[in-house]
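Protein chains in written order, with my numbering: chain A, 152 to 367; chain B, 152 to 367.
Hint data in this document are derived by calculation from the structure and do not stem from the laboratory. As the structure is a computational prediction, the values presented were derived from the model and not from experiment. Among the hints, erroneous ones may be present.
Chain copies aren't distinguished; within one or between two, either way the pair holds.
In silico SDA-like cross-links for lysine to any residue, where the CA-CA straight-line distance does not exceed 20 Å [unchecked claim]: (1) 174 x 213; (2) 191 x 243; (3) 191 x 256; (4) 173 x 266; (5) 272 x 169; (6) 191 x 263; (7) 173 x 346; (8) 266 x 215; (9) 173 x 318.
Chain residues, written in single-letter form:
2 protein chains.
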Amino acid sequence: MSNDPISPESLIQKLEWRYATKKFDPTRKIPAAHWEALEKALVLSASSFGLQPWRFVVVQDPALRARLLPHSWNQGQVVDASHFVVLAARRGMDSGDIQALIQRTAEVRGVDLEKLEGYRKMIAGFHQMADTQGWLDAWSARQVYIALGNLLTSAALLGIDTCPLEGIDPARYDTLLGLSGYTTLCAVAVGYRAADDAAASFPKVRFPHARVVEVR
Amino acid sequence: MSNDPISPESLIQKLEWRYATKKFDPTRKIPAAHWEALEKALVLSASSFGLQPWRFVVVQDPALRARLLPHSWNQGQVVDASHFVVLAARRGMDSGDIQALIQRTAEVRGVDLEKLEGYRKMIAGFHQMADTQGWLDAWSARQVYIALGNLLTSAALLGIDTCPLEGIDPARYDTLLGLSGYTTLCAVAVGYRAADDAAASFPKVRFPHARVVEVR
């Protein structure tokens, strides 16, 4: 299989095609290979130090989706989309998380733990600073949004629609999903737009290029 | 031009190919059409309510890059990469930002402002809550990380290397870039890996799939 890059035109076409889908076709399901790729894409998301301070909960049980619905401003995407994934951030990351990453690194790269001691100390120093200064959880949350951006773009490349949802009740989600040590930030409905989703034809609203991009 | 989706295998190959490039080839420059597409990709990034609380500063002046270097842990990527973009978040978003979005929406979609009054009020309600509860700037920052995730993935699709940098001094960056009302969060070096970048061959370290993805 070739790994040829796509063209700039193709990338932009796909990003223009993407929009926050308001109405999904409840009868269309994402093929297994495509969904598997999106899960892998999430796992492959970049994070600072590679710490992966996240958990992705794929909610496929219709009863559970129905219970999440009232805590999601009753947005139909929660129950209608082929797949529904909740993005949660690690809360109160501790030395165990760092140790787990170091051990995983030793395992995957076949290096001795002691060779990673400098790396571990560097991360531990960062962690202590973030913890002391009170922005550790905020940092974790930002990393999760890298995964969110990656998921939206990856899905668009595959011709799959998405709707990111921030309008959900994180505390209720945490309870209903039984999350512990992680907290819900947002969710993404993933599937295919309904033929009659009016939002699909709305021109995309973006500020003029020169307002958001500055070249120095 | 066809807008055929890419295959799941192709997506994963490209995300596996991506890594945080430690050493860029300083002689290789991104072709204009490719860089233009990446700027457009940034502009097309999703954000909650479409508020786009960000600014992207592309630093191409070598002298300015050299001045940023000591405030970036002297990471060579800052000066060696073909392109270098700083991602900044809106600080203290106010009613003017909301009004600007509403006006832009009216303009792009050709609708009367009064038809958007309900939408404006909904955003204003959200804004007031975020401001009162003290998480307005944190919210803006998260949105910027959607753009970051989108940029990393978009570049990989185009066969372009990136290195996201959080290890920079935001306050110094703000001063050197003359940012006002926006604050630096992170930067991304964009270009092509050097042939001898050892990091390119390191196996990617990710926690086991089952640790980060849970199906319910």
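Status of the hints after comparison with the structure:
1. 174 x 213: within (17 Å within a copy, 48 Å between copies)
2. 191 x 243: neither (25 Å within a copy, 36 Å between copies)
3. 191 x 256: Intra 18 Å, inter 35 Å, cutoff 20 Å: intra-copy only.
4. 173 x 266: Between copies, since 19 Å is at most 20 Å while 50 Å is not.
5. 272 x 169: neither (42 Å within a copy, 26 Å between copies)
6. 191 x 263: Answer is neither; intra-copy 27 Å and inter-copy 44 Å both fail.
7. 173 x 346: For residue 173 and residue 346, only the intra-copy Cα distance (11 Å) is at most 20 Å; the inter-copy one is 46 Å.
8. 266 x 215: Classified as neither: same-chain Cα gap 45 Å, cross-chain 36 Å, threshold 20 Å.
9. 173 x 318: within (13 Å within a copy, 38 Å between copies)
In summary, the numbered hints that this structure violates are 2, 5, 6 and 8.
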